[in-house]
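Chains Z and B are the protein sequences, given in the same order. Under UniProt numbering, the letters of the first sequence match residues 1 to 572, in that order. Under UniProt numbering, the letters of the second sequence match residues 1 to 85, in that order.
Errors might be hidden in some of the hints.
In silico DSSO-like cross-links for lysine-lysine, where the CA-CA straight-line distance does not exceed 30 angstroms [claimed, not checked]:
hint : chain 1 : residue 1 : chain 2 : residue 2
1    : B       : Lys80     : Z       : Lys252
2    : Z       : Lys346    : B       : Lys4
3    : Z       : Lys545    : B       : Lys12
4    : Z       : Lys106    : B       : Lys80
5    : Z       : Lys252    : Z       : Lys427
6    : B       : Lys76     : Z       : Lys346
7    : B       : Lys8      : B       : Lys80
8    : B       : Lys4      : Z       : Lys481
9    : Z       : Lys283    : Z       : Lys481
10   : B       : Lys12     : B       : Lys79
11   : Z       : Lys481    : Z       : Lys106
12   : B       : Lys12     : Z       : Lys507
13   : B       : Lys80     : B       : Lys4
Treat the hints as calculated values from the structure; they're not laboratory data. None of these values were measured; they are calculated from a predicted model.
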Amino acid sequence: MMHSLLVEGFGVQNWTYVLVGITFTIYIGIAIWARAGSTKEFYVAGGGVSPLANGMATAADWMSAASFISMAGIISFDGYDGAVYLMGWTGGYVLLALLLAPYLRKFGKFTVPDFIGDRYYSNTARLVGVICALIVSFTYVAGQMRGVGLVFSRFLEVDINTGVIIGMIIVLFYAVLGGMKGITYTQVAQYCVLIFAFMVPAIFISIQMTGNPIPQLGFGSQLADGSGTYLLDKLDGLSTDLGFNEYTEGSKSTIDIFAITLALMVGTAGLPHVIVRFFTVKKVKDARKSAGLALLLIVILYTAAPAVSVFARTNMIETVSNQPYANMPEWFKKWETTGLIVFNDKNNDGLINYVADEAKNELVVDKDIMVLANPEIAQLPDWVIALVAAGALAAALSTAAGLLLVISASVSHDLIKKMINPNISEKGELIAARLAAVVAVCVAGYFGINPPGFVAATVALAFGLAAASFFPAIILGIFYKKMNKEGAIAGMVVGILSMLFYMTKFKFGWFGGGTKADWWFGISPEGFGTVAMIINFIVSVVIMKFTPEPPLDVQEIVENIRIPSGAGEATH
Amino acid sequence: MTEKDNAKAYWKENIRYVLILLAIWFLVSFAAGILFKDELNTIRIGGFKLGFWFAQQGSMYVFVVLIFVYVRLMNKLDKKYGYDA
Numbered sequence: 001m002m003h004s005l006l007v008e009g010f011g012v013q014n015w016t017y018v019l020v021g022i023t024f025t026i027y028i029g030i031a032i033w034a035r036a037g038s039t040k041e042f043y044v045a046g047g048g049v050s051p052l053a054n055g056m057a058t059a060a061d062w063m064s065a066a067s068f069i070s071m072a073g074i075i076s077f078d079g080y081d082g083a084v085y086l087m088g089w090t091g092g093y094v095l096l097a098l099l100l101a102p103y104l105r106k107f108g109k110f111t112v113p114d115f116i117g118d119r120y121y122s123n124t125a126r127l128v129g130v131i132c133a134l135i136v137s138f139t140y141v142a143g144q145m146r147g148v149g150l151v152f153s154r155f156l157e158v159d160i161n162t163g164v165i166i167g168m169i170i171v172l173f174y175a176v177l178g179g180m181k182g183i184t185y186t187q188v189a190q191y192c193v194l195i196f197a198f199m200v201p202a203i204f205i206s207i208q209m210t211g212n213p214i215p216q217l218g219f220g221s222q223l224a225d226g227s228g229t230y231l232l233d234k235l236d237g238l239s240t241d242l243g244f245n246e247y248t249e250g251s252k253s254t255i256d257i258f259a260i261t262l263a264l265m266v267g268t269a270g271l272p273h274v275i276v277r278f279f280t281v282k283k284v285k286d287a288r289k290s291a292g293l294a295l296l297l298i299v300i301l302y303t304a305a306p307a308v309s310v311f312a313r314t315n316m317i318e319t320v321s322n323q324p325y326a327n328m329p330e331w332f333k334k335w336e337t338t339g340l341i342v343f344n345d346k347n348n349d350g351l352i353n354y355v356a357d358e359a360k361n362e363l364v365v366d367k368d369i370m371v372l373a374n375p376e377i378a379q380l381p382d383w384v385i386a387l388v389a390a391g392a393l394a395a396a397l398s399t400a401a402g403l404l405l406v407i408s409a410s411v412s413h414d415l416i417k418k419m420i421n422p423n424i425s426e427k428g429e430l431i432a433a434r435l436a437a438v439v440a441v442c443v444a445g446y447f448g449i450n451p452p453g454f455v456a457a458t459v460a461l462a463f464g465l466a467a468a469s470f471f472p473a474i475i476l477g478i479f480y481k482k483m484n485k486e487g488a489i490a491g492m493v494v495g496i497l498s499m500l501f502y503m504t505k506f507k508f509g510w511f512g513g514g515t516k517a518d519w520w521f522g523i524s525p526e527g528f529g530t531v532a533m534i535i536n537f538i539v540s541v542v543i544m545k546f547t548p549e550p551p552l553d554v555q556e557i558v559e560n561i562r563i564p565s566g567a568g569e570a571t572h
Numbered sequence: 001m002t003e004k005d006n007a008k009a010y011w012k013e014n015i016r017y018v019l020i021l022l023a024i025w026f027l028v029s030f031a032a033g034i035l036f037k038d039e040l041n042t043i044r045i046g047g048f049k050l051g052f053w054f055a056q057q058g059s060m061y062v063f064v065v066l067i068f069v070y071v072r073l074m075n076k077l078d079k080k081y082g083y084d085a
């Protein structure tokens, strides 16, 4: 390995300290510069964020540890089936731009429960909104803190709990001090870090394997070895030789792929921490434009990810399959010590037998390590490997901060200001918001250190919940003038409960449990958000037919939000 | 035209744009990438089977274009109905 001889003196770990140190200093610097002085700055960054800055912040907010670390890894094991994440987590932005963002911006409020409470003229509806926002955000944020801990433990070789605590302190610093204003501008910096960190190794490896510097084209190109074979054909061949499905075919049923994709799209459009970003721009037309910019910036990573999956999968199979265990490179041994690669020489021949047949397979590779290990597998320079660690931290921290803000605003604005103590002063509300953020960080950190066994399972639940609750309530609130509070509340409650029922039944074995064979219509719990959403729509409309119309002034508000002009400042 | 009629006409045109764009959104993802993937996979572009390409690349490019087309259409529509203030 030439490169490691050249920079032997410095090494991956020192590079990681340097790069993580520099990026963290930048985040803290921005936090001090962008302190929030009013609740308006704390909740919506003062409402004057430019569409481009908001687009970058939304992209960083949206792309979490799951997008950065896990997604390409999952796709490299699932092949075609991985498309549910690619289409599901981008297609939601089309719904957001066309159906939600402009109208919510015109409505001019601080939070999603705020919209629900005012549009449905009911504090019960607001409370249901607050509960949904809290459940969705807490399940999501716990996973982020865990991701922070993982990166620290692998690359800086500190204890995973120390890693979580360092992450907590950083987020605490800029979320509590700067609120939405601090978060927005650190997210802009974090977007730059994470996209650079993802693309550099992708470009390197694309050139290495196919000679094409654009990964999106590289994985559809011929191999650089002059054989004239297409990379994807080679991977299809390698996969079938080892007994796996063809990479480009996948194994899930069509109806399940359909349901999961739709649930993720609709869930994306209904996630409060994404929606709230569109409250920060000045005008309705800025909300549309910044949704477009956000998706463009996200798609740069999302179209490169499936290329990375193919490169990593091919490289991994070629490095390990039927090779002597004794010859494995350093990265293999390092990941073995973390327990994320497990080799068990069942037939004692000293060779690594990596096949689909579970009885004969000797190697288990955790999906989460593919992106992190990819630069090492491809023998890229140390600084590139360190860059990936800094990028993963940027992705996890930016999403965690956005979620914490939703939690704190739900408590200080929707619960305290709107329901418990409407006479609270501006200053008092700001203090409450900061305290709520501190408590939220501590709870998130606790779950990061002591992850409940079901964290991984509940990430899908966050999307399902958003799809089953917020999405129909907001859509009906904008596009169906006659939708009343009875319909919306009943829809949200029944939607969420059916989602919770299905998830707990098939994920945790409650209500008698069940296996794949018992799935309704062959739809997995991940895809059930689609069904729960449809249930919500039906219940809402049926209940509405039997209950009184909404008051005339509410119907007028709905007509008013459909007109883009005169979007005032966000108000209480 | 009264203010109310103006708003109604604006909303109607907006809904038409949204429906057309969502039809394309559905076609490139759910139709090309999922429902008709196997049929499209018989066509190849370079190393990509077409259905696979739509599912893992093409649909996402079209999503981005759709939003920017909507932005342009709506900016024009806002002007036409005097809502661009």
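Results for each hint:
no. : hint                  : result
1   : B:Lys80 <-> Z:Lys252  : violated, 48 angstroms
2   : Z:Lys346 <-> B:Lys4   : violated, 77 angstroms
3   : Z:Lys545 <-> B:Lys12  : holds, 24 angstroms
4   : Z:Lys106 <-> B:Lys80  : holds, 19 angstroms
5   : Z:Lys252 <-> Z:Lys427 : violated, 54 angstroms
6   : B:Lys76 <-> Z:Lys346  : violated, 68 angstroms
7   : B:Lys8 <-> B:Lys80    : holds, 13 angstroms
8   : B:Lys4 <-> Z:Lys481   : holds, 15 angstroms
9   : Z:Lys283 <-> Z:Lys481 : holds, 23 angstroms
10  : B:Lys12 <-> B:Lys79   : holds, 15 angstroms
11  : Z:Lys481 <-> Z:Lys106 : holds, 16 angstroms
12  : B:Lys12 <-> Z:Lys507  : violated, 44 angstroms
13  : B:Lys80 <-> B:Lys4    : holds, 15 angstroms
In summary, the structure is inconsistent with hints 1, 2, 5, 6, 12 from the numbered list given earlier, while agreeing with the others.
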